[in-house]
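Number of protein chains: 2
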Amino acid sequence: MMYLTPQKRALGAVFERASRPLTPPEICEEARKELPTLGLATVYRAIKQFLAEGQIRAVEVPGAAPHYESAARHHHHFFVCCECKRLFDLIGCVRGVQSLAPQGFRVRQHEIVLYGECAACANQEGAL
Amino acid sequence: MMYLTPQKRALGAVFERASRPLTPPEICEEARKELPTLGLATVYRAIKQFLAEGQIRAVEVPGAAPHYESAARHHHHFFVCCECKRLFDLIGCVRGVQSLAPQGFRVRQHEIVLYGECAACANQEGAL
DNA sequence: CTCAATTTGAGATTTGACTCTCACTTTCTA
DNA sequence: TAGAAAGTGAGAGTCAAATCTCAAATTGAG
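First to last, the sequence lines map onto chains A and B.
Sequential numbering from 62 applies to the first sequence in our numbering.
Sequential numbering from 62 applies to the second sequence in our numbering.
Keep in mind the hints are simulated off the structure, nothing from the lab.
The structure presented is a predicted model; accordingly, all values stated were derived computationally and were not measured.
You may find that some hints are simply not true.
[What the hints assert, rightly or not] Straight line, CA to CA, 20 Å or less: simulated EDC-like cross-link-like pairs of lysine to aspartate or glutamate:
id	chain 1	residue 1	chain 2	residue 2
1	B	Lys146	A	Glu121
2	A	Lys94	A	Glu114
3	A	Lys94	A	Glu121
4	B	Lys146	A	Glu172
5	A	Lys69	A	Asp150
6	B	Lys146	B	Glu91
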């Protein structure tokens, strides 16, 4: 039996209004605006539960700490700006990714990450 | 000045004959077949040197420890087995990945990672 | 309401990956 | 070949992320 607590409600709300994937500390900080005493352990506990329920999804990008986002957002990939380190959502996906797997392999998921410079950083280039 | 030691020779050979990216402990274990006293610290030291020389490349895959492979192997992507945690090479690439980026973004690199079960683990499934 | 089951916060602990230290050994230039 | 520079192994140390502990507080079925 799982109790519905203000902590979980607040954490759930954070995921719902987030416009990008967040790290556990970011999630904690954000939820503290509503519940200032919220502990990081509780954040990790909630993440684990939410993941198990399929309410949120882990976004793991090489070279960055794990981020989490609402599972309601649909399948998408990321662009990592090598200059400013921000993550951007990519719109759309590529067909045929699964066919890269060898015979007999079962593909459950895939991630595509592009690395480079975002529009803002690419523009400043001359200035560097 | 860098000395050429049996340890580095053995570690270099491990990278040359590896058919998939390896983790430092895997590299250590493999090299110990030749030099049984080889320490993990030496593996890390060699990895750092080989990386600096461009002899090997880091393969950072979300949800897995860093792996390393010979830089001589060309552009390819990976399959991560969620059961046994091993990495496998994918043959080929997908066209059109770069076009996912928004206007004005400069794409330098991309990574594609498939997750699932490798042929061996997919087969054992009934037994679990 | 009552109260057993569950959850919480805070800090301690664990974990995992990696680096450092140090005494000893090896490499290779001069 | 002498010896300075570089490398080695083993274990201790580091660091950050994640988990555990436990007393106190909360939840919600009955």
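What hints, given by number in increasing order, does this structure fail? Hints 2, 3 and 5 contradicted; others consistent.
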